[in-house]
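Residue numbers (our numbering): 1 to 210.
Hints listed in this document are in silico derivations from the structure and should not be mistaken for laboratory results. Note that this is a predicted model, so its numbers are computed, not measured. There's no promise every hint is true.
Computed Cβ-Cβ distance ranges for the label pairs, DEER-style [stated by the list, open to error]: (1) R151 to E101: 37 to 45 angstroms; (2) A175 to A76: 36 to 44 angstroms; (3) R195 to Y159: 20 to 28 angstroms; (4) L147 to R72: 34 to 42 angstroms; (5) A158 to R182: 16 to 24 angstroms; (6) L147 to P17: 41 to 49 angstroms; (7) A4 to L155: 19 to 27 angstroms; (8) P106 to G18: 24 to 32 angstroms; (9) A175 to D140: 14 to 22 angstroms.
We put the CB at the ideal spot given by N, CA and C, even for glycine.
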Amino acid sequence: MDDADLLRNGLAAPDRPGRVLFLACGALAREILALIELNGWDHADLACLPAILHNHPDRIAPAVADAVQRHREHYARIFVVYADCGTGGALARVCEGMGVEMLAGPHCYSFFSGDAAFAARAEEEFTAFYLTDFLVRQFDAFVIRPLGLDRHPELRDAYFGHYEKLVHLAQAEDATLDARARDAAARLGLAHERRFTGYGDLAPALARQV
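All chains should be built: construct the whole structure from the sequences, respecting the hints.
Have a look at this one:
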């Protein structure tokens, strides 16, 4: 499974009818597949929309609606593995209107941390910039190039001058990713903090569906 492909194209569902489909963001594909394998959820399938939709949150709800419509005749149940993700409630309205459930919370930083724990830290961490494992791997694609910092590095402080630290919310124990997160923090001129979250609230949310 290639992160660049998940970024641009997502992941197609298996060509078969099934009981449960996790319809997710491509940024969550590795974690969801790991949970499926770990728990033996052989009646659950995964389909992912392109992770790059997060750079255009207004496109997420329509893309999810199209995908639910496309897959619903083949699955007894579809669970949308997105939080609000910057849609301003639009995704929740789409899911409610189509009769499908979705993941609780504002974004992946919150449910990986645990929504309650993330909310408790919110006031003291308003100057933190968060990255998950996927975003560490795709730092250039999600941060550097979209902000034009590859072409205009002098704009760095205009974008990140009000941040104090980069917090790597780590799903896995991976020394290579840790090093890349430290490098990302240095490139943004921020302090680095690693916080191991594992799968956070994602694991029990998926377990309830299967």
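Now the hints, each set against the structure:
no.: 1; hint: R151 to E101: 37 to 45 angstroms; verdict: holds, 42 angstroms
no.: 2; hint: A175 to A76: 36 to 44 angstroms; verdict: holds, 41 angstroms
no.: 3; hint: R195 to Y159: 20 to 28 angstroms; verdict: holds, 22 angstroms
no.: 4; hint: L147 to R72: 34 to 42 angstroms; verdict: holds, 37 angstroms
no.: 5; hint: A158 to R182: 16 to 24 angstroms; verdict: holds, 23 angstroms
no.: 6; hint: L147 to P17: 41 to 49 angstroms; verdict: holds, 43 angstroms
no.: 7; hint: A4 to L155: 19 to 27 angstroms; verdict: holds, 25 angstroms
no.: 8; hint: P106 to G18: 24 to 32 angstroms; verdict: holds, 29 angstroms
no.: 9; hint: A175 to D140: 14 to 22 angstroms; verdict: holds, 20 angstroms
The structure shown violates none of the earlier numbered hints.
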